[in-house]
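These protein sequence lines map, in sequence, to chains A, B and C. Read in the working numbering, the first sequence has 238 at position 238, and its numbers run on one by one without any break. Read in the working numbering, the second sequence has 385 at position 48, and its numbers run on one by one without any break. Read in the working numbering, the third sequence has 945 at position 508, and its numbers run on one by one without any break.
Calculated from the structure, these hints are not laboratory results. Here a beta-carbon is modelled for each residue, glycine too, at the ideal position from N, C-alpha and C. Some clues are possibly wrong.
Covered stretches of chain A, going by a simulated chain C footprint (3 or more residues, C-beta under 8 Å) [claimed, not checked]:
hint, stretch
1, 67 to 73
2, 268 to 278
Ranges between beta-carbon positions, derived for each pair [to be verified]:
hint, chain 1, residue 1, chain 2, residue 2, range
3, C, Glu509, A, Thr295, 42 to 48 Å
4, A, Asp94, C, Asp943, 47 to 53 Å
5, B, Glu426, A, Arg106, 55 to 61 Å
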Amino acid sequence: MQVDIKTSNIKQLRNTFSHVARRLGADKPASRYQEATFDMQSDTNFHYRPIWDPQFELYDTARTAIKMADWYSFKDPRQYYYGVYTMNRAKQQDAAEKQFEFAEKRGVFFNLSEKDKEHLIFAVLPLRHYEWGANMNNCFCTSFGYGAAITQATMYNTMDRLGLAQYVSRLGLLLDGNIGDSLEVGKQHWLHTPEWQELRRSMENLFVTKDWFEVFLAQNFVMDGLVYPMFYKHLETRLNPMAGQTFSMCTNFMQEWFVETQRWVDSTIKTAVDESPENKEILSRWFDIWMTETTRALQPLMTALFAEEAASIFMQIKEELLVRAKKIGLKTPGAPA
Amino acid sequence: MNTPTPERTKTPVFIAFVTNDDTRNIVAAIREDNPQATVEEFPAMVKIESPGRLVVKRQSVSDLMGRDWDLQEIHLNLISLSGSINETEDEFELYWGQAA
Amino acid sequence: MSAVPKNTGNKKLGLKEKYGMMTRGLGWDTTYQAMDDVFPYDQFEGIKIHDWDKWEDPFRLTMDAYWKFQGEKEKKLYAIIDAFAQNNGQFNVTDARYINTLKLFLTGVSPLEYAAHRGYAHVGRSFRGVSARIASQMQAIDELRHAQTQVHTISHYNKFFNGLHDFRHMHDRVWYLSVPKSYFEDAQSAGPFEFITAISFSFEYVLTNLLFMPFMSGAAYNGDMATVTFGFSAQSDESRHMTLGLEVVKFMLEQDPGNKDIVQKWIDKWFWRGYRLLALVSMMMDYMLPKRVMSWQEAWETYFEKNGGALFEDLSRYGIRMPKYHEVASKEKSRLSHEVWATFYNFSHAAAFHTWVPEESELKWLSEKYPDTFDKHYRPRFEHWDALQKEGKRWSNPGLPMLCQLCQVPTIFTEPDDPTTTCLRETTYHGMKYHFCSDGCKDIFDNEPEKYVQSWLPVHQIFQGNCGGEGLDNVLKYYNLVPGQDNGEYMGSQDQMNWEQWTGRDHKDAPAA
């Protein structure tokens, strides 16, 4: 249909939505991230209390000890809204797919000695359950969190963890030639092998932790902050070179993901810390508790995987996390306030 | 793979796609493999109905497209469907009634 | 425990087994904390699940495939949204009256997509079955997609038309928007099994075509290609959602015979609540689309009576029957849209979209589509209001309507068997009287009174002074509704005058629907 547009008369009435304009301070053009995120969650006039937890409203700031004047202060430095998130991950999965194809064709894992396979299955495959636990914890944050800013990002994290669990599973399938037995053995390690039990216990303790911001910090900052460097940075050096290289190649997704995700996690906690001395106190206390807990939980694995180097490597890992913590304003144990 | 059982009703199942080059081939494959299916065209959408059962076969679509078509690519152009679903690597089936 | 898999050759996993390993194999029964503590919400509703492993995954999408396909869809969608904005595609719609359907959509429906995202995230953590959680989580992120793509698409319209600018603020406050808001909050405040029955099954399977077809076909018929595009793109996700709905109901019914009565009760409740919500859509179809697709009556007959019939026939082997009061919906089909539009015409000064008397050609269409009811009961009203308008006395109802305690729609529906009598029902609970629009709503209330006495009824709240204070001006301020721009009669509105100025077209020139 041909439309005769009198272009000289067309004037836009406004640049963006009113609620976005209020946040920007004026009616300015807004980014897609801003329009997708600001105020998307209802915050008033709720009709019914959840019958499954009537002490709270449907969305309730009281579900965490952390207090914010504005829950939209949390800005994702990646500016992920759904479109950008999926398009990014699509590129990354394409690269990962090629890496897995290459590894399968070369049979590097499949042709390892029995002993090397056993070790890899013990060392790595239980991580698929660690990732699944992280999925549950981030889903918990998405369910009970406050404001669309944080919960949007935890939603992406939730699905990322499922993807990560699936990539770890595929490592197993590379090891056992697509039969799946290695995954069963890996699961038995997670459930029964002594070295893995303390980490599993920590994870299960997190499943029943009620403050969603505490869960956020414990899982995304502390646990990941220790586990990821342990397995995806340092472990390679302890594997036989061929396996180590292929392992590193096939876990490139994990390595990149961790670097990217750290930016968001650190920024989120920093925003909460900067808000008030009370928040800083609470977050620092949680950090202390979960740092102690996770350190303890990881020792058996460190010994099993790093032998005589365990102490020094863990020291490095811990130091790096303490540096991160200090940077975002958390009070680190032993450090002056 | 399920084959129709006496309990299966003839109530129609349907599948609808966006109209484009890829779905042209998918629709043609469906017609081949489901002789009782009827095709209806709408603005920007094509809808295929079939009594009781409809099957999309990966091989049939691949043959028509001239490349290896992944059955899961169906998600790119799918608009709507009805019926229970059975999905394998090679076939995507819609049906009403008991699974075989 | 240290058994190494034997290289028994290439007994490769099939799609189903592989997917099982990628999903249900990830979970475990916790031992350091009790499972009931880890999953505190999935048993109180009385639904008994004996074996979560019996859950069938209809679509076997691993995350890498999800990212790949969804990323591809987003790329295409945003290319079209960008092109639409660059080419000023909004000027291609039939006329600016059409934009009012988008106002209703953005303020009423898009916030529900967000609510669905959070609701499914809750379910995605609550079920102890791993596969069920994964399916719910995928839906949770899909719904976030829908909320955001809708906001992004309609953002361009917001730049040129009124009524769209403060949709989130309005959704939580404006009187008719408490209909969708309370509907979804009812589902979110329910347990996970009820939530998923309500939304995945009743809404996204049984009734979905009555939301999708009107809005998306309406968009296509009226030249709104941006909405068509996001509609189709969202629908491909909906296919996955629909299958979840059917799957979850069958799963519950197959797990324990005792589940049937609970499920039937939910099917009854959520059919009725969903149906009442769709009253807004009925008016959209019959009155707000310059170029009409089909009548509400035709849509109801095709998508519920025929399609829904097939579905419930399939479910009858489990002992499930058609939802209670479905026959009332059928009786109302020739009246619903007229009664609702008439109400909004009355209260146009307080609504964030415009209303108008249909053109003569449009009244003719309504007469043809509704031969038994329109000329007899409804045309006279419109002709009366039209006459008043021509005298410069456009009718505006100075009062406030009684709202149904349950569905929160004004109690303006008529008795199922008597279109000349308003349908009113009441219940007394703990000494207080509650009012309803229908037996369907009253039944739902009577079943869970403690829940529904909590309703934040907009009209009650206005009278209690909780909406900005006394008088219309204060209420509109509370709503962030800009008088003279967002509300009132279409003719003479800024939207209408701008449209004429920008496109040189007036809807009075437009051909008959």
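Now the hints, each set against the structure:
Residues of the stretch 67 to 73 of chain A with a Cβ under 8 Å from some Cβ of chain C number 0, which does not satisfy the need for three, so the listed coverage is violated. Under a criterion of three residues with beta carbons nearer than 8 Å to beta carbons of chain C, the stated coverage of the stretch 268 to 278 of chain A fails, only 0 such residues being counted. In this structure the supplied range 42 to 48 Å holds for Glu509/C paired with Thr295/A, their Cβ-Cβ distance being about 43 Å. Hint check: Asp94/A to Asp943/C, Cβ distance near 51 Å, so the stated range 47 to 53 Å holds.
The hinted window of 55 to 61 Å between Glu426/B and Arg106/A is violated, with their beta carbons roughly 24 Å apart.
Hint violations for this structure: numbers 1, 2, 5, all remaining hints satisfied.
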